[in-house]
Amino acid sequence: MRRLAWTAGLLAGVLILGALLPRVANPYIVQVAMLCGINVILAVSLNLINGFTGQFSIGHAGFMAVGAYGAGMFTLVIGQRWVQVMSVAGIPPVFAQGAALCVALVVGGLLAALAGYLVGLPSLRLRGDYLAIVTLGFGEIIRVLILNIDAIGGARGLFGVPVWADLFWVGLGAVAVVLVSRHVAYSTHGRALFAIRDDEVAAEALGVDTTRYKVLAFVLGSFFAGIAGGLFAHFLGYLNPQSFQFVKSIEVIAMVVLGGMGSISGSVMAAILLTILPEALRPVKDYRMVLYSLMLIVLMITRPQGLMGSRELRWPFRAARRRAAGAA
Amino acid sequence: MSSGADARGDGAPILKLDRVTMQFGGLKAVSELDLEVPAGGLSGLIGPNGAGKTTVFNLITGVYTPTHGSITFEGRSIVRLRPSAIAHRGITRTFQNIRLFGSLTCLDNVCIAEHQHARAGLWHAVLRTERFARDERAIKQRAQELLELMGLGAWAEALASELPYGQQRRLEIARALAGKPRLLLLDEPAAGLNPLESDELMHLIEDIRKRFGIAVLLIEHDMRVVMGICRRIAVLDYGEKIAEGPPEQIRSDPKVIEAYLGEEVPAGSGA
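The listed protein sequences correspond, in order, to chains C and B. 1 is the number of the first residue of the first sequence in the working numbering; add one for each residue after it. 1001 is the number of the first residue of the second sequence in the working numbering; add one for each residue after it.
Just so you know, the hints here were simulated from the structure itself, not pulled from any lab data. The structure presented is a predicted model; accordingly, all values stated were derived computationally and were not measured. There may be inaccurate statements among the hints.
What the hints assert, rightly or not - Think about it this way: if two alpha-carbon atoms lie no more than 25 Å apart in a straight line, the pair counts; the simulated SDA-like pairs of lysine to any residue are:
1. K1140(B) / V180(C)
2. K1016(B) / V94(C)
3. K1255(B) / E1130(B)
4. K1140(B) / Y186(C)
5. K1140(B) / E1130(B)
6. K1140(B) / S310(C)
7. K1140(B) / R212(C)
8. K1140(B) / R182(C)
9. K1140(B) / F56(C)
Unchecked claim - One-sided and incomplete, this derived list gives chain B residues near chain C with beta-carbon spacing under 8 Å:
10. A1087
11. H1088
12. Q1096
13. A1118
14. L1122
15. R1137
16. I1205
No residue lacks a Cβ here, since even glycine has one placed at the ideal position from N, Cα and C.
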């Protein structure tokens, strides 16, 4: 019952934020807020693979690209028609577009998950640096493939994806991904992931099917990255293979490492920080990226374990209740 | 416990190795080994350094696949099964060079081994259903009980890597027990403990065996430790079984004495 109330409360919060912020703030701020949301999804999903399971993947932009193009193409080919049909049937466009967007996001997510499954397979044999190189290669293959498929725009990019994703949808996506990741991580399945990260041989000897869980981490992480890509497509309205370069993967890794490997709340904070920081530094013009890099270096020197280490933020009252229960 | 024969350790074999050979390139780490572990009993596997004891454990738990020979557990072959599948069949182990999940609490370390007994799938975890909560409570409770049994109750929320060495060894045993094994393999559980601690641990192991009615196979480097509690001891040297029998017989076996004393003869052999 309490959980239901919480979910309803969160939903209402996202709805209010989505409706209110665009009215009081200028479009630029709203745009940055949406990018924050998309990056939160990317960072949390990569943390599932890198931070929780200890599989070093540096091809996250590739999964995002699969989701972005998958969802974008779905909407262009099918989704838009659905919306037309629904509007003829008298359904308000807001709902029709929302429904079509949801389906497009799931399609993008599933395609990315399929890609994650394929990349997850070598993770069963490769470790550490070797796996990193395979995922790096995968990300590049995806980008080059997109670049050369004319039907999805090729090097010109994919134009005309309807801009359906507003702050509400991005916020909803981010909240959903954070909650699901949290629930997975702090369950018996999450413990299996942690065990693989700490000692794969021991995990296997204690009955953890490491194959299954490593692939699961890849599939789940890439599914979420695909959703982030889908949101990105419907936020920008235009996709270009250049958006999914290796640098994008590195950006997400920086968020995960800065937030703390294995901390969901850390990833959320770092994603927001690293999205806002370059924007906030715009006044210094040419020195922007110099300062940005400098700040990253200082942060990593002062907190090598990341902002949160492997800890999580807890609701203050819940921690208090726990203490009270412990004292009793 | 249940039947007198089992408690004494001379019941029907629960694990049977038949002419098992493990070859690494030109090195025969284990050669034509026949070994039987009686159900419910406490048996020992001893031998000098490098005799192939840990290799035998790795063969039983599926880390290695034997070059030749068969391994049957409760009448069914376990050769070529994944280590996790062998754990599900009922064999769990500890490691000579402690392999705890260092970044997790002691409680979580034990919970992981309980994992395979959780029935609520991923969806239950995502949706936090009633069944998930019930499973999770049961897992935590049993893990806490096991910690207390091993004298680690107060350490439940401490990180495994922060435990003193001796406690880490105990935590490994608690973790292995959480998998509800019918055969527990202990790889030098007393390594690095002082004589008093190791006596204590050996009695604890004997208690555990009786309480859970499981079979225990123990690797030990130091002969004196196992003599007191094992009903049956097999001695390995250079990958071959050179003796097998009750402790009294092993103690006076000339081949065993030679293997152990011979260790010191060639100076600087690095034993």
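Return the status of the interface hint for R1137(B): holds when the least beta-carbon distance to chain C is below 8 Å, violated otherwise. Because about 11 Å separates R1137(B) from the closest Cβ in chain C, which is outside the 8 Å limit, the hint is violated.
Are L1122(B) and chain C close enough, Cβ to Cβ, to be under 8 Å, as the hint says? Hint on L1122(B): holds, closest Cβ of chain C at ~6 Å, below 8 Å.
Agreement of hint A1087(B) with chain C interface, Cβ distance less than 8 Å: Where the cut-off is 8 Å and the nearest Cβ of chain C is about 4 Å from A1087(B), the hint holds.
Straight-line Cα separation of K1255(B) and E1130(B) no greater than 25 Å? Distance ~61 Å between K1255(B) and E1130(B) Cα, so the pair is violated.
Mind checking the alpha carbons of K1140(B) and Y186(C) for me, to see if they're no more than 25 Å apart? With a Cα-Cα distance of about 13 Å, the restraint between K1140(B) and Y186(C) holds, given a limit of 25 Å.
Tell me if the straight-line CA distance from K1140(B) to V180(C) falls inside 25 Å. holds (22 Å)
Distance restraint between K1140(B) and F56(C), which requires alpha-carbon spacing of 25 Å or less: At roughly 30 Å apart (the allowed maximum being 25 Å), F56(C) and K1140(B) break the hint.
Using Cβ atoms only, decide whether Q1096(B) comes closer than 8 Å to chain C, and label the hint accordingly. For Q1096(B), the interface hint is violated, since the closest Cβ of chain C sits about 12 Å away, which is over 8 Å.
H1088(B) as chain C interface residue, shortest Cβ-Cβ below 8 Å: It holds, given that the least Cβ distance between H1088(B) and chain C is near 5 Å, below 8 Å.
Satisfaction of hint between E1130(B) and K1140(B), Cα-Cα up to 25 Å: The given pair, whose Cα atoms are some 15 Å apart, holds under the 25 Å limit.
Restraint outcome when I1205(B) is required to lie within 8 Å of chain C by C-beta distance: violated (18 Å)
Proposed interface contact between A1118(B) and chain C, which counts if any beta carbon pair is under 8 Å: holds (5 Å)
Against the hints set out earlier in the document, violations occur for numbers 2, 3, 9, 12, 15, 16.
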